[in-house]
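S.K.: Sequence:
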Amino acid sequence: DNEVPPGQPGELCVKGPQVMLGYWQRPDATDEIIKNGWLHTGDIAVMDEEGFLRIVDRKKDMILVSGFNVYPNEIEDVVMQHPGVQEVAAVGVPSGSSGEAVKIFVVKKDPSLTEESLVTFCRRQLTGYKVPKLVEFRDELPKSNVGKILRRELRDEARGKVDNKA
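Residue numbers for the sequence shown follow this note's numbering, beginning at -3 and rising by one.
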């Protein structure tokens, strides 16, 4: 629809003879992702000045905090820099004041790691609206059969907990 300038994130769209024509016998699903011949991948990407693309995150995983786009990978990259963290997954959860808030699920490397020390660490590294508002420590995070963290499962669980509290 609209091109974004180099350095700005946007959805990666592709077009060409190598791109699929659509989903087999699923015209509604095809219409959702192919518009005017362009396949909307669902990936958020940034193009540098030389034309190279870097995938930032998945569009469906993006967290919307007070009108700002927050990419879970950015939060996770910062949290993983903390020496007491073994694994992390960031998700968006409903928040009355800001639309969504950042929640992180953390597996500790250091048993003495606290929520307070982790949030303080994040405040030094991230813009205010990106700092996690909720921290949940876990023994392990759910993973696919290839070892990828199942962020959607955590997001659904977290949203269910929030909805049940209301």
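If you are wondering where the hints come from, they were derived from the structure by calculation, not from laboratory data. Just so we're clear, the structure is a prediction, and the values are computed from it rather than from any experiment. Heads up, the beta-carbon is just placed ideally off N, CA and C, and yes, glycines get one too. Heads up, a few of these hints could be off.
What the hints assert, rightly or not - No farther apart than 27 Å at their CA atoms in a straight line, the calculated lysine-lysine pairs in the BS3-like style are these: (1) Lys31 x Lys105; (2) Lys56 x Lys31; (3) Lys105 x Lys144; (4) Lys104 x Lys126; (5) Lys129 x Lys139; (6) Lys144 x Lys104; (7) Lys11 x Lys31; (8) Lys56 x Lys126; (9) Lys31 x Lys126; (10) Lys129 x Lys105.
What the hints assert, rightly or not - Have a look at the derived ranges for each label pair, beta carbon to beta carbon: (11) Phe64 x Pro2: 19 to 27 Å; (12) Gly47 x Gly156: 24 to 32 Å; (13) Lys139 x Lys11: 15 to 23 Å; (14) Gln4 x Val103: 30 to 38 Å; (15) Gly47 x Leu146: 30 to 38 Å; (16) Ser113 x Gly18: 48 to 56 Å; (17) Val10 x Lys139: 42 to 50 Å; (18) Gly63 x Val115: 21 to 29 Å; (19) Ser113 x Asn(-2): 36 to 44 Å.
S.K.: With reference to the structure, classify each hint as holding or not holding.
M.R.: How the hints compare with the structure:
no.: 1; hint: Lys31 x Lys105; result: 45 Å, violated
no.: 2; hint: Lys56 x Lys31; result: 18 Å, holds
no.: 3; hint: Lys105 x Lys144; result: 19 Å, holds
no.: 4; hint: Lys104 x Lys126; result: 21 Å, holds
no.: 5; hint: Lys129 x Lys139; result: 24 Å, holds
no.: 6; hint: Lys144 x Lys104; result: 18 Å, holds
no.: 7; hint: Lys11 x Lys31; result: 10 Å, holds
no.: 8; hint: Lys56 x Lys126; result: 17 Å, holds
no.: 9; hint: Lys31 x Lys126; result: 32 Å, violated
no.: 10; hint: Lys129 x Lys105; result: 21 Å, holds
no.: 11; hint: Phe64 x Pro2: 19 to 27 Å; result: 21 Å, holds
no.: 12; hint: Gly47 x Gly156: 24 to 32 Å; result: 43 Å, violated
no.: 13; hint: Lys139 x Lys11: 15 to 23 Å; result: 34 Å, violated
no.: 14; hint: Gln4 x Val103: 30 to 38 Å; result: 33 Å, holds
no.: 15; hint: Gly47 x Leu146: 30 to 38 Å; result: 33 Å, holds
no.: 16; hint: Ser113 x Gly18: 48 to 56 Å; result: 50 Å, holds
no.: 17; hint: Val10 x Lys139: 42 to 50 Å; result: 29 Å, violated
no.: 18; hint: Gly63 x Val115: 21 to 29 Å; result: 22 Å, holds
no.: 19; hint: Ser113 x Asn(-2): 36 to 44 Å; result: 42 Å, holds
Violated hints, in rising order: 1, 9, 12, 13, 17; the structure is consistent with all others.
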